[in-house]
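A.B. asks: Assemble the complex: chain D is given as a structure, and chains L, W and H must be docked to it using the hints.
For the record, the sequence lines run as chains D, L, W and H. Residues 1 to 154 in my numbering are what the first sequence lists, from first letter to last. Residues 1001 to 1168 in my numbering are what the second sequence lists, from first letter to last. Residues 2001 to 2331 in my numbering are what the third sequence lists, from first letter to last. Residues 3001 to 3402 in my numbering are what the fourth sequence lists, from first letter to last.
Mixed in with the good hints there might be a few duds.
Stretches of chain H that chain D covers, calculated by requiring three or more beta carbons in the stretch to come under 8 Å of a beta carbon on chain D [stated by the list, open to error]:
| id | segment |
| --- | --- |
| 1 | 3249-3259 |
| 2 | 3370-3379 |
Some chain D residues well away from chain H (every beta-carbon gap over 10 Å; in silico) [unchecked claim]:
| id | residue |
| --- | --- |
| 3 | GLY19 |
| 4 | GLN38 |
| 5 | ALA41 |
| 6 | TYR91 |
| 7 | SER121 |
| 8 | VAL151 |
Derived PhoX-like pairs (lysine-lysine); straight-line CA-CA distance at most 25 Å [what the hints assert, rightly or not]:
| id | chain 1 | residue 1 | chain 2 | residue 2 |
| --- | --- | --- | --- | --- |
| 9 | D | LYS47 | H | LYS3244 |
| 10 | D | LYS86 | H | LYS3121 |
| 11 | H | LYS3326 | H | LYS3121 |
| 12 | D | LYS127 | D | LYS141 |
| 13 | D | LYS86 | D | LYS127 |
| 14 | L | LYS1123 | L | LYS1096 |
In case anyone wonders, no lab produced these hints; they're calculated from the structure. Built from N, CA and C at the ideal position, the CB exists for glycine as well.
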Amino acid sequence: MLPDATAIASLLERAGIVGAELSSEGGPGLVVRVERAQAGAVVQGLKDSDHAFVFLVDLFGIDTGEHVDIVYHLRSIARDEELFVKVAHEYGSDLASVWETHPAALMPERETAEMFGLTLSGHPNPKHLLLTSGSAPMLLKSVEIRTAEEVRNR
Amino acid sequence: MAIDRFTGENSILFIRSEQLFDWARRRSLWYMAFGIACCAIEGLMHASGPRFDFDRHGVFFRASPRQSDVMIVAGTVNHKMAETVKRLYDQMPEPKWVIAMGACASTGGPFREYPNVVMGVDKVVPVDVYIPGCPPRPESVQYAFLRLMDKIAENTEERLAARRDSDS
Amino acid sequence: MNVYLVALLRILAALGLMLLNGVVLIYMLRKVLGYLHVRLGPMELGPHGVFQTLADVLKLLTKEDPTPTHVDRALYFLAPGIVFVPSLMAYAAIPFTGTWVIADLELGLLYTFAIMSLLPLGLVAAGWASANKWSLIGGMRSVAQQVSYEVPLLMAALPPVMIAGSLNLTDIARAQSAVWFWLPCLPAFLLFIVAGLVEANQTPFDMSEAESELVAGFATEYASMKFGLLFLSEFSNTFIFSSLLVTLFLGGWQVPFVPVDALGGWAAVVFLIKVYLVIFVLMWIRGTLPRVRIDQLLAMGWKVLLPASIVWVMLTGAAVKLWPMVFGGVQ
Amino acid sequence: MSDARDTVAHAGWLTADKPSLPDEIPLTLKRVPSGVDEVMTEHLVVNMGPQHPSTHGVLRILVELDGEEVIACESVVGYLHRGIEKLAEHRRYSAVGTLMDRGDYVSGIHNEMAFALAAEKVADIGVPRRANWLRVLMGELNRIASHLVWYGTMGLDTGAMGQFLYAVRDREDLLDILEDVTGQRMMFNYVRPGGVLNDLTPRAEKKIRAFLSTFDAYLDEHHALLGGNEIFQARTRGIGVIDKETAIAFGLTGANLRASGVSFDVRRDRPYAAYDEMDFDIPVAESGDIYARYLVRIEEMRQAARICRQCIDGLPEGEHTAKVAKVLRPPAGEAYAAVESPRGELGVHLVSDGTDRPYRMRYRPPALFGLQAAEAITPGTFLADAVAIFGSVDVVLGEIDR
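Extracted from the complex, chain D is given alone in its bound form (with noise of 0.2 Å):
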């Protein structure tokens, strides 16, 4: 359920992030933006609070077209709560993992990094999880399927 945008904005502010903002129009709920050097940060500190953020129910990613916005889907089991954390990525840039605050995350961050292009950083078994390496980042919309006439040639 939706948790109390402002517990949770006081709650960052305590864990010493800053820059958060928090927006719940037309989102799929409370989604807290952050910068990119915080979000290992703001996950750690989503789960050690006392929300208790400590189930990892999804990382994805969407390309928006400027950029690839990571999507941490995180829920609180003691607070029946969900939160989605995004954060933006530049293309081909860095994502670092959060395996260690929730091994969870394993797979999907290496799923999430071929499919857009991105490296993964701090990750024990950074290969491809779904493609054969070497192929191109599929999820990216700059990568086209094939047209009609390819596939009628085929």
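C.D. replies: Okay, now just chains L, W and H, sitting in the frame of chain D:
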């Protein structure tokens, strides 16, 4: 020469035995337990199940490619999988046949536009029977096996006929 | 008649019996499993699919026989033979009736066990030579389990021997004219079934070719008739184990309350019916039970079956000695 | 949460001093010193899959074995990657359902429902009450069908063949029903944004009632045959334990999470469709081993049958679908919708940019998280256990690879 009727490639004995072996091959098609995707549920699991029971035709599954005659490609083949499919095909001993089950294995199906998907398994291994459908019902797979049996018989007859013609 | 000719005929009889038996058993397995699993099994080839196995064998004969690249060639070719020959030789001492036995050996039981203990050699050879990791694990497993269960199996076979006072299988069967040995030796009977299931590599102890773990175990890399030989010898082992069980515990060719002489040649039929009933039960088990884990299997062999069989042998020995003393030589 | 990290570090490929397993397996055996005694023992790196009887499709597991014991394991996925997320960006909203079906092919209704719910959230479409009830009914029938596959393959993984065929027998009846209502045996495309495709026919209703009248007795038989078997219990009790912390840390959901003692069920905690009107229990087990997962799934089947009975008895009158534009153009926005699929929380995160095609569709695969947990707890068990553990978390590769 009269003796030719009993020795050599076109002797009665030889042709009869070839027809006999052909009969045995047709009637004992062991397929490889190798399901790739959705079609495996229909073509391998339900096919061996109580209602469809391919064992009636002597169609039975083996886990090892070395002991199987037919490979049912049941599902989408992508670039990562294609290598494995080819290797498994190579591991099967001759004579061997391939059934491309479903739209994905035949042409790439609903996923054909995705660059990682191989547009039909016939780009990797030669296919004998294609089954349309997504997924095909087990009955279709059964029919495919019956067609495959016909095809094997026809091939043998054609081969024998060609040999007779070239001889006379 | 020439003594060599007779010997040759007997060997041929054993070979024919084994092949025929294998073909029948494979058909039976498919039918029994089929009916257990609410389906029909082979139906199309001949009435109720009786020619199905014939087609399978012919097909296996005409398949290409590829030799994988990394195999140990000599051993790879020898292994099916090492498996096949002992299971063929073991037919020699099986008494189908009092007189119908290929070789009526004084030490028939010992001979059969000795021959059967050669089997794991072939299996591990097959596993090692195949250069396939699944085969290797399968071969190793088969050695581990057969070595652990050889002793309990022999121990479980001892009580009938002690009561009958002979190692000759015909004599042991004859000694059961009054009462079949499964009743006085019930624990040994059960131990023999369990240990025999392991030796014959049957579910729930089919460790060496556990399909869901090891693909096809030691036979993974074998194709065409080499695989056919491995397959046949597996069924023939089942047959040998079942006929040992029938001979040792279930009265051999005898029927209760019917004098042996009245049966004549039908005694062999009685024996075969008994054997096939035992095999049917084995197939029933095969179609129902899950498989145990290898360490559980070995632990059971060393910690439960072996002590239990030793204790039962001691008890039987005491009973055999004490019985004449107490009841004055009923034996 | 140091516990979870310890569990991960237990997996050999994660520890720093050990190189990760090679991508290509060498043909020769890897010779490593055993460390304990003078004898050099060989660790065997075996490659389970993609063609292996027990990998439920095309999962490939690299296993490093010391004898029979698993030292390390790593799962390699992607052999069924078909780009469902990418292709969804090029399909209209009404056509994405066909892709979703083929994702988790054992429980198509749930996949469609997740997408339909997300699309309805973005486009703000109301769903008639009858449609919601029909969704629940079909979803629960599909849940039984899916759990039956799991039950059968669990039997196969532990070496029992019969269970699988009995499960297929019951599944045939279910597929008949689903075919009657939806027109297909597997790829239904039944749940669409705004409602469902077809109404229930009287014939299908009769079939459902007939099925439900016998299913409980069959389920008891199934349970007695596999769960009551002592060999099966010896194989599963205390094996593959996923404790509460590990389960949460690895993002397990569904039956796997509930078997570890966490009572979370999307149907109850985030009610969708008509689940808030249904009366059902959520089975929870504490031990977290394979047997607990087995028991939870068996009980879930019983509860699913119970929900089906309520649905078929109390089906409200009305339309089976709302009036929805042929070409759906939802306003720009984002939505997350989750359903309780047989494998766990199946979520769809949908981003719309106002056109007739989704801008981005993220499919949360519950089995992927189950696979990670299985991979982490497998080291230290036996090879046969590894097969059972990977089977017990119910992996469906179509969903993991997408």
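A.B. asks: A separate judgement is required for each hint: does it hold in the structure or not?
C.D. replies: Structure-based check of all given hints:
1. 3249-3259: holds (count 3)
2. 3370-3379: Coverage by chain D holds for the segment 3370-3379 of chain H (3 residues, Cβ < 8 Å).
3. GLY19: holds, 22 Å
4. GLN38: Answer for GLN38 of chain D: holds, closest chain H Cβ roughly 21 Å.
5. ALA41: holds, 16 Å
6. TYR91: holds, 16 Å
7. SER121: holds, 15 Å
8. VAL151: holds, 12 Å
9. D:LYS47 <-> H:LYS3244: holds, 16 Å
10. D:LYS86 <-> H:LYS3121: holds, 20 Å
11. H:LYS3326 <-> H:LYS3121: Holds, because 17 Å separates the two Cα atoms, which is no more than 25 Å.
12. D:LYS127 <-> D:LYS141: Distance of about 22 Å is within 25 Å: holds.
13. D:LYS86 <-> D:LYS127: holds, 24 Å
14. L:LYS1123 <-> L:LYS1096: holds, 17 Å
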